[in-house]
Structures are given as structure tokens and as C-alpha cells.
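Novice: The task is simple: from the sequences and hints, build the whole structure.
Sequence order for the protein chains is A and B. For the first sequence, this note's numbering begins at 466 and goes up steadily by one. For the second sequence, this note's numbering begins at 184 and goes up steadily by one.
Honestly, I wouldn't trust all of these hints.
[What the hints assert, rightly or not] One side only, chain B facing chain A, incomplete, derived with CB under 8 Å: (1) Val208; (2) Ser245; (3) Tyr248; (4) Arg249; (5) His252; (6) Ile299; (7) Val300; (8) Val323; (9) Glu325; (10) Gly331; (11) Pro359.
Keep in mind the hints are simulated off the structure, nothing from the lab. No residue lacks a Cβ here, since even glycine has one placed at the ideal position from N, Cα and C.
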Amino acid sequence: MLEQERGTAMTDPAAGERLKRAWQALADDELRASRPADAAVVDSEAVWRVAAGQGSAEERRRVLDALGTDPAIAESWRLASELQRELEARQDEERRVVPFKRPLVRRSLPWAAAAMLLLAVGLGLWPSLGPEDPTAYRDPTSQDLGSGVIVNLVSESEPMPRHDAVLRWSFSPAGETSGQGVSYTVRVLTSELEPFVVLSELTIPEARLPEERLADLDDPAILLWQVEAHTADGRRVTSPTFLLELVPKSEIQGDRQIPGPSTAPEKPSDAESSSAEP
Amino acid sequence: MTSDTTTDETVAGLRSALERVVDRVCPPWLRDQRDDLVQVAVIKVLEARRKSGEGIGTVAASYLYRVAHSALVDEIRRRRRRREVAFDEGGDAVEQREKVLDPEHEATSRQLGRAIVGCLGGMKEARRWAVTLYLQGNNVPESSRALGWDPKRTENLVYRGLMDLRKCLSKKGVRP
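Specialist: Structural data, given as C-alpha cells:
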């Protein structure tokens, strides 16, 4: 191809950007109208593979054909391309600086790592849970070290039995504030970020999760929980989000029966709230 | 990924990457839900890692990023469907349509977009693919990898394809 022709085609970056913007801004209905009725279904895994250069010839054909006519596939492709660029940048960075790093202690296992991630991420569960207030999930949660520190005392690497799931933590108030007169509220979410239970007005740093509700959770049962401490002088300290894994249903011993609705409830301990909310 | 990179660092980096990607790719109404989208994807990554049996040491970053992509795509589709239902139902459930700040520019852009679709439909397959990838924002090395062709061939096809596109648009009376 002549260099002059090549120049005409490609050296107008502004025109190129206008083309790209116009293409990427096409309304769904306009793209769909050009999609053949017998077009093959393409899933996101296939898009990822082809974008990474890993798809078979047939898969490549299906994805590339769909790219021009299916807005969902076009968006999935752009997400894949951007993520793969991020991945490559990360891998390039690691290759440049690779001091030996001691791996995590074996005992920490993945759930401690997940807790560290959530600490860094700052999943906010305050001021209220539920789909009516999605901002609660977005507010960064970092411990206000000026008011105190809440530490999880429950292992995140060992699944907890569903019949005896007790959350425990320690609270170290800052300054001259003593631990006297502190009350706690514990909020628990499912791994789908749906509210699970709220236990409030707790007077000791311990919360027992309702057994009958835990029994209903499907495997893998992973819960997220967060503590808010209310000091006597009116301060509030919010913990990071902790992670709790429950023993899979398949591993529950046959002779251990989980009480059903007809069983009289256990006498509540001091750790249980009088205002427990489902 | 090197064997010395710990999984928690990879997942923390992945979260930042997901946030940037959503900001770059998603329309404004989805960008407003960025943190929720990313959080759901990260949770799914953690679950997938657990199911894979990789509990100690490292997990390939490429695996985590692939899972994150699928989770993000699924969540975006779910939210789009919910939004479509809200529009169909009307009433208080209807969101405000995004304001079009420049209607004339918007109309011109849509006209150009429709013309591009028409022109691509008339192109030969190889050039159509190459130009589509260009329009999607992929550079020559990325397109070459996706197409499975050597970079020189890919570059030529992009150039020729864009030439065809310009001619076709010109015939339609549309200028990019």
C-alpha cells in the first residue's frame, strides 16, 4: 500500500477519534437492527479468550462477527480489552521490581487475605443496610484510630459451625475513654451484599448468629460482618468488614440436629440483643 | 505473574483496575454505581478462588482478572435489564433520561454511527474485523493478537479497511 494512501487513512487522529466515539456511542437498537437473526450466542468467557488471543478459529469468528452487531458483546469486549491492558501493566511492573517476597504465613490462608482486602477496600455498612441506601456500601470504612480500634478475634480461615456461630472482637478505645459503658451493633451481610441480620445493644464484644437462619444458607456460606462500638461519651467507632465462612451443609454431622421452628428457642445469653432484627 | 506475588496484593490491585475500567468503559448511569459493581465482582473473585482450591500462596493474576471480567459483565447486564424494566413500567420507577447537552452534535454523531454500521456490513470479512477492532479502541498489536494474524498483515488490513470506510462514508455524504 502506498505510504501516501496510508497517511491519508491514518494520520488524522481527530477523525479517527470521532469515528470511534460515534461507533461506541451507537444506541443498542441501532446495532441490534444489523444483527443477523441466526447469529450465534456469545458468552463473556469467549470474549475474554478471543481478546487475549486464546480463542479457536471458530470462536474467534463468532466473537468478531458479533462485535459489530451486538452492543452487549461490544461492551464486554471493551471491558475485556481494558482489563487485559491493566493486567499487562501490572505484570510489567512486577517484572521490573521483583525482590523476594515472603509468602503469607500458611495459617493465614485466603480468608485472612480477603479480610485484608476488605480492610483496604473499606466496605461500608453504615449508616444503614438495604437496597434503599446503596451509598452505605460505598462509604469508605477505615478505622478512626483516633477513637479506638476494633479487632476481629474470630479466625477467618477456619469455617465456623452453623449451630454455634459466635462472633467475637476486641475494642480498644483511644485516649482516656475507658471500656466501660460501651455498646455494640453488629451488621451482617451475605456475600451477595444482602442484609442478613442486625444485632444491636450488645453489652459485651460477642454476638451469636441465629442458628435457624444460618441453617438456610446455601453453600458456600460466606458472610460479611462489621461492628460499630458506641462509647459512653458518645463516640462511634466502626470496624473494617470481616469475613466469616460457615461449615458446608454437606459436612454437618448426622447426629447434630439443627433446631427447627418447633424447637423451643435457647435462653438468650447476655450477648444476644433484645432488639435483634432479621 | 511471578510466583512471589501474593494473592491479596493481586486482588487489591484488581479492585483498583476494575474501578478504572468501569470509569473508562461504562455509560454515566453505570459509572454512578461503580463501587457496587466492583464490589460484586470482587466478591465473586474471592469465591471463585476459594472454589478453585487455591488457598495458599499465589493464584495466577490472569485467572482472577478473567473471573472479574465475567462477574462484571454479568452484573452490568443484570442492572441494564432492571433499568429496562423500570423504563417499561413507567411512573415513579422511570429514571431521568440523560440530558443531551448538544442535540445537534448528538444527531450528527448518531448519523455517523449508523453510516459506519452500514459501511461495515458491506466490507470484506478480514477488513471488517480489523476496522471493528480499531473502532473498539484496540491498537495494532492487540488486534493482531485477537485476530491471530501477524502485525504487518493486521496493520495493512486496518489501513485498507479505514480507506474503504472513508470512501463509503463519503458516498453516503457523511464526513467523520
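Novice: With a cut-off of 8 Å on the beta carbons, see whether Gly331(B) makes it to chain A.
Specialist: 6 Å, holds
Novice: Holds or violated: is the Cβ of Val300(B) closer than 8 Å to a Cβ in chain A?
Specialist: Constraint on Val300(B) satisfied, holds at 5 Å.
Novice: Would the hint on Tyr248(B) be counted as holding, given a Cβ-Cβ threshold of 8 Å to chain A?
Specialist: 5 Å, holds
Novice: With a cut-off of 8 Å on the beta carbons, see whether Arg249(B) makes it to chain A.
Specialist: Where the cut-off is 8 Å and the nearest Cβ of chain A is about 5 Å from Arg249(B), the hint holds.
Novice: Can the hint on Val208(B) be confirmed by a CB-to-CB distance to chain A that is less than 8 Å?
Specialist: 5 Å, holds
Novice: Once the shortest beta carbon distance from Glu325(B) to chain A is found, is it less than 8 Å?
Specialist: 7 Å, holds
Novice: Does the closest beta carbon of chain A sit nearer than 8 Å to the beta carbon of Pro359(B)?
Specialist: 5 Å, holds
Novice: Tell me if the interface restraint on Ile299(B) is satisfied: Cβ within less than 8 Å of some Cβ in chain A.
Specialist: This hint holds: Ile299(B) lies near chain A, its Cβ roughly 6 Å from the closest one there, short of 8 Å.
Novice: Does the CB of Val323(B) sit less than 8 Å away from some CB of chain A?
Specialist: 10 Å, violated
Novice: Checking hints one by one. Is Ser245(B) an interface residue toward chain A, by the C-beta closer than 8 Å rule?
Specialist: 6 Å, holds
Novice: Holds or violated: is there a CB of chain A closer than 8 Å to the CB of His252(B)?
Specialist: Given a least distance of 5 Å, the restraint on His252(B) holds.
In summary, the structure is inconsistent with hint 8 from the numbered list given earlier, while agreeing with all the others.
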